[in-house]
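Peer 1: Single-letter residue listing:
2 protein chains.
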Amino acid sequence: MNLKSVKKIAIIGVGFMGGSLALAMKRKFANISIWGYARSQKSYNKLKKLKILDKATLNLEKCVLNADIVILALPVEAVIACLEEIAPLLRKNSIVFDLGSTKKLIEKAALSYLPKEVSFVGCHPLCGSEKSGAEFARWDTYKNSICLIASSAKEKAAKIIEQFWKKLGSKVIFMSSGSHDELLSSISHFPHLISFSLIQLTPDNYLKFCSGSFKDLTRISSSPASIWADIFFSNKKNLINDIDGFVKVLSKFKEFLEKGNKRDVFNLIKKANTKHMSIK
Amino acid sequence: MNLKSVKKIAIIGVGFMGGSLALAMKRKFANISIWGYARSQKSYNKLKKLKILDKATLNLEKCVLNADIVILALPVEAVIACLEEIAPLLRKNSIVFDLGSTKKLIEKAALSYLPKEVSFVGCHPLCGSEKSGAEFARWDTYKNSICLIASSAKEKAAKIIEQFWKKLGSKVIFMSSGSHDELLSSISHFPHLISFSLIQLTPDNYLKFCSGSFKDLTRISSSPASIWADIFFSNKKNLINDIDGFVKVLSKFKEFLEKGNKRDVFNLIKKANTKHMSIK
Chain A
30 MNLKSVKKIA IIGVGFMGGS LALAMKRKFA NISIWGYARS QKSYNKLKKL
80 KILDKATLNL EKCVLNADIV ILALPVEAVI ACLEEIAPLL RKNSIVFDLG
130 STKKLIEKAA LSYLPKEVSF VGCHPLCGSE KSGAEFARWD TYKNSICLIA
180 SSAKEKAAKI IEQFWKKLGS KVIFMSSGSH DELLSSISHF PHLISFSLIQ
230 LTPDNYLKFC SGSFKDLTRI SSSPASIWAD IFFSNKKNLI NDIDGFVKVL
280 SKFKEFLEKG NKRDVFNLIK KANTKHMSIK
Chain B
30 MNLKSVKKIA IIGVGFMGGS LALAMKRKFA NISIWGYARS QKSYNKLKKL
80 KILDKATLNL EKCVLNADIV ILALPVEAVI ACLEEIAPLL RKNSIVFDLG
130 STKKLIEKAA LSYLPKEVSF VGCHPLCGSE KSGAEFARWD TYKNSICLIA
180 SSAKEKAAKI IEQFWKKLGS KVIFMSSGSH DELLSSISHF PHLISFSLIQ
230 LTPDNYLKFC SGSFKDLTRI SSSPASIWAD IFFSNKKNLI NDIDGFVKVL
280 SKFKEFLEKG NKRDVFNLIK KANTKHMSIK
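Note that the protein sequences, when read in sequence, are chains A and B.
If you use this note's numbering, the first sequence corresponds to residues 30 to 309, in order.
If you use this note's numbering, the second sequence corresponds to residues 30 to 309, in order.
Simulated from the structure, these hints should not be mistaken for lab results.
Small disclaimer: the values here were computed from a predicted structure and weren't measured.
Some clues are possibly wrong.
Heads up, the list lumps identical chains together, so a pair's fine if it works in one copy or across two of them.
What the hints assert, rightly or not - For lysine to aspartate or glutamate, the following EDC-like pairs were computed, each having C-alpha atoms within a straight-line distance of at most 16 Å:
{"no.": "1", "residue 1": "Lys304", "residue 2": "Asp233"}
{"no.": "2", "residue 1": "Lys185", "residue 2": "Glu90"}
{"no.": "3", "residue 1": "Lys185", "residue 2": "Asp169"}
{"no.": "4", "residue 1": "Lys266", "residue 2": "Glu113"}
{"no.": "5", "residue 1": "Lys36", "residue 2": "Asp83"}
{"no.": "6", "residue 1": "Lys77", "residue 2": "Glu164"}
{"no.": "7", "residue 1": "Lys137", "residue 2": "Asp233"}
{"no.": "8", "residue 1": "Lys266", "residue 2": "Glu287"}
{"no.": "9", "residue 1": "Lys304", "residue 2": "Asp245"}
{"no.": "10", "residue 1": "Lys265", "residue 2": "Asp293"}
{"no.": "11", "residue 1": "Lys309", "residue 2": "Glu164"}
{"no.": "12", "residue 1": "Lys277", "residue 2": "Glu113"}
{"no.": "13", "residue 1": "Lys71", "residue 2": "Asp293"}
{"no.": "14", "residue 1": "Lys185", "residue 2": "Glu146"}
{"no.": "15", "residue 1": "Lys309", "residue 2": "Asp233"}
{"no.": "16", "residue 1": "Lys277", "residue 2": "Asp83"}
{"no.": "17", "residue 1": "Lys80", "residue 2": "Glu159"}
{"no.": "18", "residue 1": "Lys300", "residue 2": "Asp233"}
{"no.": "19", "residue 1": "Lys265", "residue 2": "Asp169"}
{"no.": "20", "residue 1": "Lys137", "residue 2": "Glu106"}
{"no.": "21", "residue 1": "Lys172", "residue 2": "Glu184"}
Just need the whole structure built from these sequences, with the hints factored in.
Peer 2: Structural data, given as structure tokens:
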């Protein structure tokens, strides 16, 4: 299989991310038929009205039938459940990929559930929106963003999916699922945990005073509990590691403050200043 | 004294905050002569060029001489040093106020250094800019912002300074210096410490991947070490208290993750979601 021979792509989970993929594919792959699975009559009606798919269906089997590529645009646990469910429905030589926030557990599930004739490629586009739902989908969501692929760059299916993302304007970076999950804990999952914790600690009557800095740190504390509890558990080892590391840095600050080591506190902040300059 | 009888105001520290005050006063108090102290020939030349003062001078004594109000727009430690320096130069019945980020140490210094015939009013306008320097000063910096006054609302001098801030468009809130410092640790100083610590913990090679959430949490980690080491030490008791409180919340998350208590993690995040809704 190559990208040019693809005739049907099925999306399971047509929310903001899945919907944006549908719109982007419509622009970039004119001859591919894009199907989407609707879990309920209500979401079926919405998808029909939005017209972002060639075909919306309430029938999972029909949706996946003969699809060359199946995309799981679902939260981590739902990806895992879905892999088990669709395994017997998949066409030989088809490729399944997901967009989940952690990759190790999903990779393990794919290995155990999918038949050998089906390839799996774990993907994680580093983009998104605070809004959820297909009604907010945008064709350019993936343009100029980074997509991490949890695979060796040498795998044939991974190469095809790399071409797919490149066509959508994404920059692709390959890494192992383990490295991916460590990275994501650091740059996304643990920052969320910090944000949830900070607002938790702050007395209610202080919230009306909050300055720009406090607003910056707590903006993401509005991220939905249902999704984030899942993500935390799917990456719990790395997250606990980051909690431990962070407590160590805090203890250092505390020790220097208690001992009156102003030069040391200055140096810690100075290092942070310097590191901040390398963020793009 | 009342605001209408004020003829001369002296600003010590004409950077972004002091310069913005000069511009705002020029608009709102047409008949007051606004003097500013320049510490070096270089900053004297800059202030002359910017024309935001009626009179710039390199002579601290001349600057303060016969001023009805003296404004210290300096970092905390510099405010304390300056109080001692200007104490013998101040006119009877004049009012001194500062803009420092913590209020308890400054209040203590004012009590010990200033003569009884001079009133001190600790102020803290909750606004600012990432840019520093008088060249970025804006007349509307204080408009629609909150100014905390660390004093009883009944003090005569505090009432005059309240009028001053109101005239500039600020909303004034009175509280004790102790309450002020606790509040500020929570909503500003500790969030800065978190931001410095997070970027510290993050491996250098991860910084190129950083997502929106990571950028949010580390934006303020570029805040200058020289100012923030000072602020941390001037509010160290509250800061250590907040470090301890935060470590407790992190430990709770860790415990729930280790024990697999998904419902508890969900509830912690849900609480954060709810609290976030009350931020304006």
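Peer 1: Give a verdict on every hint.
Peer 2: Outcome of the hint check:
In this homomeric assembly, lysine 304 and aspartate 233 come within 16 Å of each other (Cα to Cα) only across copies, at 7 Å, whereas the closest approach inside a single copy is 33 Å. Taking identical chains as interchangeable, the C-alpha atoms of lysine 185 and glutamate 90 are never at most 16 Å apart, the minima being 26 Å within one chain and 79 Å between chains. Taking the shortest alpha-carbon separations for lysine 185 and aspartate 169, neither the intra-copy value of 27 Å nor the inter-copy value of 60 Å comes in at or below 16 Å. For a Cα distance limit of 16 Å, the shortest separation of lysine 266 from glutamate 113 qualifies neither inside one copy, at 24 Å, nor across copies, at 54 Å.
For the homomeric pair lysine 36 and aspartate 83, the shortest alpha-carbon distance inside one copy (12 Å) is at most 16 Å, but the shortest distance between copies (75 Å) is not. For a Cα distance limit of 16 Å, the shortest separation of lysine 77 from glutamate 164 inside one copy, 11 Å, qualifies, whereas the shortest one across copies, 56 Å, does not. For the identical chains of this complex, lysine 137 and aspartate 233 are neighbours neither inside a copy (43 Å) nor across copies (29 Å), given an alpha-carbon limit of 16 Å. Proximity of lysine 266 and glutamate 287 under a CA criterion of 16 Å is satisfied inter-copy only: 9 Å between copies versus 32 Å inside one chain copy.
Taking CA atoms no more than 16 Å apart as the test, lysine 304 paired with aspartate 245 passes between copies only; the shortest distance there is 15 Å, against 18 Å inside one copy. Taking the closest pair of Cα atoms, lysine 265 and aspartate 293 come within 16 Å of each other only across two copies (14 Å); inside a single copy the shortest separation is 32 Å, beyond that limit. Proximity of lysine 309 to glutamate 164 under the C-alpha cut-off of 16 Å is found in neither arrangement, the shortest distances being 30 Å within a copy and 26 Å between copies. For the identical chains of this complex, lysine 277 and glutamate 113 are neighbours neither inside a copy (41 Å) nor across copies (39 Å), given an alpha-carbon limit of 16 Å.
When the C-alpha separation of lysine 71 and aspartate 293 is checked against a cutoff of 16 Å, the pair qualifies neither within a copy, at 59 Å, nor between copies, at 31 Å. In this homomeric assembly, lysine 185 and glutamate 146 come within 16 Å of each other (Cα to Cα) only inside a single copy, at 13 Å, whereas the closest approach across copies is 84 Å. For the homomeric pair lysine 309 and aspartate 233, the shortest alpha-carbon distance between copies (12 Å) is at most 16 Å, but the shortest distance inside one copy (34 Å) is not. Taking the shortest alpha-carbon separations for lysine 277 and aspartate 83, neither the intra-copy value of 53 Å nor the inter-copy value of 52 Å comes in at or below 16 Å.
In the homo-oligomer, the alpha carbons of lysine 80 and glutamate 159 never lie at most 16 Å apart, since the shortest distance is 22 Å inside one protomer and 45 Å across protomers. Taking the shortest alpha-carbon separations for lysine 300 and aspartate 233, only the inter-copy value of 12 Å comes in at or below 16 Å, while the best intra-copy value is 33 Å. Neither within a single protomer nor between protomers do lysine 265 and aspartate 169 lie at most 16 Å apart by alpha-carbon distance, with minima of 32 Å and 47 Å respectively. Taking the shortest Cα distances, lysine 137 and glutamate 106 sit within 16 Å of each other inside one copy (12 Å), while across copies they are farther apart (57 Å).
With identical chains, the CA atoms of lysine 172 and glutamate 184 are never at most 16 Å apart, being 24 Å at best within one copy and 60 Å at best between copies.
Hint compliance for this structure: hints 2, 3, 4, 7, 11, 12, 13, 16, 17, 19 and 21 are not met, and every other hint is.
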